[in-house]
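**Q** Sequence:
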Amino acid sequence: MPPTTANGSKTSLTIDRNPSHAISAGEDKNSPVDVIPAEDPYSLRASKREELSKQTMIQRHKTRKVNKYYNRQNALIDAYLGAHDEEAAEVEDQKENGGKIKLAVYGSTTVNLFLFIIQVYAAVSTGSLSLFGTAADAFMDLVSSTVMLITSRMARRPNVYKYPVGRKRVETVGIILFCALMTTVSVELIIESARSLAGGPRDDDTLELIPLLFVGIAIFSKGCMFAYCFLLRRYPAAAIFMQDHRNDIVVNIFGLMMSIIGTKFRKVWFLDPAGAICIAILILTSWASTAFEHMWFLVGKTAPQDFLNKLVYVSITHDSRIKKIDTARAYHAGDKFYAEVDIIMDENELLKVTHDVSQTLQRKLEGLADVERAFVHVDYEGDHNVFDEHKPLYEHEEKKAPLIVRVKEKVFRTKSRETAHETSVV
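For the sequence shown, the residue numbers in the UniProt record's numbering are 1 to 426.
Keep in mind the hints are simulated off the structure, nothing from the lab. Ideal placement from N, C-alpha and C gives every residue a C-beta, glycine not left out. Some clues are possibly wrong.
Stated by the list, open to error - Keeping only pairs whose Cα atoms sit at most 27 Å apart, straight-line, the calculated DSSO-like set for lysine-lysine is: (1) Lys336 x Lys324; (2) Lys336 x Lys168; (3) Lys65 x Lys100; (4) Lys48 x Lys102; (5) Lys415 x Lys400; (6) Lys301 x Lys324; (7) Lys415 x Lys102; (8) Lys410 x Lys400; (9) Lys68 x Lys48; (10) Lys162 x Lys301; (11) Lys324 x Lys391; (12) Lys301 x Lys168; (13) Lys48 x Lys65; (14) Lys336 x Lys391; (15) Lys162 x Lys48; (16) Lys301 x Lys391; (17) Lys100 x Lys168.
Unchecked claim - Computed spacing ranges between beta-carbons, pair by pair: (18) Arg195 x Asp306: 20 to 30 Å; (19) Ala75 x Pro402: 25 to 35 Å; (20) Arg234 x Arg45: 24 to 34 Å; (21) Glu389 x Leu350: 46 to 56 Å.
Build out the structure end to end from the sequences listed, making use of the hints.
**A** Here you go:
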């Protein structure tokens, strides 16, 4: 397995030029690069443990950590060996499941509209604060669904002049806006519920059956859409709607229960507004955590170590004329990654060859399912400091002395000035 550094930010490797362990572009050293990935240049498939049955694994490896290690190793090997097929697989997947994703998005929006109408009717008919909370949640779901539809449409219609690298990140922005809207309604619901608690019990304790049945139908509809989006959860748009439906199911069931109990039993009237507060806190914490997660995607959070390892493997096995991988890094630019790889080639190599090798590697990296853009740079030596290649991200500051030391120095300087002043006066 190709070695990498612990943090994956810089990796320097020497490649074995044995043809059985590296991909050659042809017999002629200066031939154009037409790279065809080898089946298994490092014989990684021999390290897999798929042939072991579950019973054998239990007998040989009784600890859970060892089983987890082998499962992770098998997954890594599959990821390495299948890297060259990811682009074609993604195109085929979009052809096969693109309509399903659209159905998930438009179906979720339709269900949210249906749920909002029912929740408003139920809340007005019963006067339940918990149902008003679920109605407010349904309204924000409808608004947020519209935001998701708009951002998804914008991402699918790039403008190469205004947005040269596309507008995929607008989906991440849409998710953050979605979360902001949901947290806003949660805070408002907490305020209104607190006012209701301070105002005491309501005079009307009539329990309307038909509105509650409508809420039950809405919950069932949400459950169906949750199951459908769950099957497509690896797609960002479907995943966010899956989370929305899951939260709505919990919120509506809980709100319905609190409304029935708080209205039917006068001694526990406070359960209705208290339930609304609980619903608001649940919505707030769920969507706030989602917003922070996607915020770091826009900031440029580093890719997981497993992906960095795959990046190194794909670069290593690209062409036998690559002597080393000087730097390999990947970071979020929205849901997907930007990848940067610095390769080292012979300084006497023709410019045409170095260009073709780096360009085909760049295109191969952009074919990985999780890569939005890739940048490959060619160097002739790897002894320099990679951080000198770009301007520093921050100014170097000298480390401050401990607080106690700084206080003592300040006291000493103050006493010295006082002593000098007294001497001059005398």
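**Q** Each hint needs a verdict: does it hold in this structure or not?
**A** So, going through the hints one by one against the coordinates:
no., hint, result
1, Lys336 x Lys324, "holds (26 Å)"
2, Lys336 x Lys168, "holds (9 Å)"
3, Lys65 x Lys100, "violated (37 Å)"
4, Lys48 x Lys102, "violated (38 Å)"
5, Lys415 x Lys400, "holds (22 Å)"
6, Lys301 x Lys324, "holds (26 Å)"
7, Lys415 x Lys102, "violated (76 Å)"
8, Lys410 x Lys400, "holds (14 Å)"
9, Lys68 x Lys48, "holds (13 Å)"
10, Lys162 x Lys301, "holds (25 Å)"
11, Lys324 x Lys391, "holds (24 Å)"
12, Lys301 x Lys168, "holds (17 Å)"
13, Lys48 x Lys65, "holds (17 Å)"
14, Lys336 x Lys391, "holds (25 Å)"
15, Lys162 x Lys48, "violated (47 Å)"
16, Lys301 x Lys391, "holds (19 Å)"
17, Lys100 x Lys168, "holds (20 Å)"
18, Arg195 x Asp306: 20 to 30 Å, "violated (50 Å)"
19, Ala75 x Pro402: 25 to 35 Å, "violated (47 Å)"
20, Arg234 x Arg45: 24 to 34 Å, "holds (25 Å)"
21, Glu389 x Leu350: 46 to 56 Å, "violated (23 Å)"
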